[in-house]
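Novice: Taking the hints into account, I'd like the entire structure generated from these sequences.
Spelled out, the chains give:
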Amino acid sequence: MKKLLYKMPESLSGKEFTYCPGCHHGIIHRLIAEVVDELGIREKTLVVAPIGCSVFAYQFFNMDGTIAAHGRAPAVATGMKRARPDLYVFTYQGDGDLAAIGTAEIMHAANRGEKITTIFVNNAIYGMTGGQMAPTTLLGMKTTTTPYGRSAENDGYPMHMCEFLKEAKGIAYLARTKVNTPQDVEKTKKAIKKAFLAQVKGIGFGLVEVLSTCPTNWGIDPISANKWLEEHMIPEYPLGVFIDKVGDEK
Amino acid sequence: MPKVKGYIEIDQERCKGCGLCINACPTKVIELSEGFNSKGYHPAEAKHLERCIACGFCYRMCPDVCITVYREE
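If you're matching them up, the sequences are chains U and F in order.
When you line the first sequence up against this note's numbering, it's residues 1 to 250, in that order.
When you line the second sequence up against this note's numbering, it's residues 1001 to 1073, in that order.
Hints in this document: simulated from the structure, not taken from any laboratory.
Any given hint could be a false lead.
Stated by the list, open to error - Derived BS3-like pairs (lysine-lysine); straight-line CA-CA distance at most 25 Å:
1) K7(U) - K44(U)
2) K3(U) - K1028(F)
3) K1028(F) - K227(U)
4) K187(U) - K1028(F)
Unchecked claim - Derived list of chain F stretches under chain U, where covered just means 3 residues or more per stretch with a C-beta under 8 Å from a C-beta of chain U:
5) 1008 to 1017
6) 1041 to 1053
7) 1061 to 1072
C-beta: ideal position from N, C-alpha, C; glycine also.
Specialist: Take a look at the structure:
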């Protein structure tokens, strides 16, 4: 007899992802869906999709949702949560969305302590538009707009959103994780669960920054991209839990 | 031989052949197929199922949620 251990979670619609081969967006989508299933809140959860590669996120989740203008997902989510406080709202944003054009929205939503959850996917590059420099691009990293590598003098320094946000008093959970090994995938799932619990328990704002790869725009294959993330992104963006007011998972 | 016997199913039409499951599998059950799927990728194929220990690493790393994992009892 076969016992089923792992299968596609109910909170995913089953529609094929439109991401490139090896892109971590799919893993992060699945983790969110598993957490929503485990908490049993699928029919009461709303997704706010960003602009970027994950613009169609609302099609992949088996739940209601909308797309916000570029960077404005936390503002739209604030409106949704305040109009229907009985529902759970999460935003799914990339680094071009959250760390560039949407910096004001995320800072103020976090500072107000809006009871929403944000999943921030940081792959250090603009994916959808063709690999331009993002605020999170590493120093020396070659992109289509920094062909000689990013220089601090010309292009500034990489943006550390978690370190900026950790002073905000409204945040209940703030962590940075990665998903390039199976062990880290499990750790990320726990972090995402806590960020949702911060909202379910009504404590405050929850944000998880997930370091992710972009094999297509980094110009390497998916397995080397996982190694590149480990070697180059981790020294710049150290992992960790910055704020945890949620306590244990009970 | 490991005591736990596993079994995996791969949705080859959904697979994009990225190879992350092959890299994650500790017992090297999965290989890329020689054939193509309708998208034009070489999908992953469970060629050595007798070695599967139902650890679920392939499922965890698959970015397209193509893999279903069972444990034989």
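Novice: Checked against the structure, which of the hints given earlier come out wrong?
Specialist: 6
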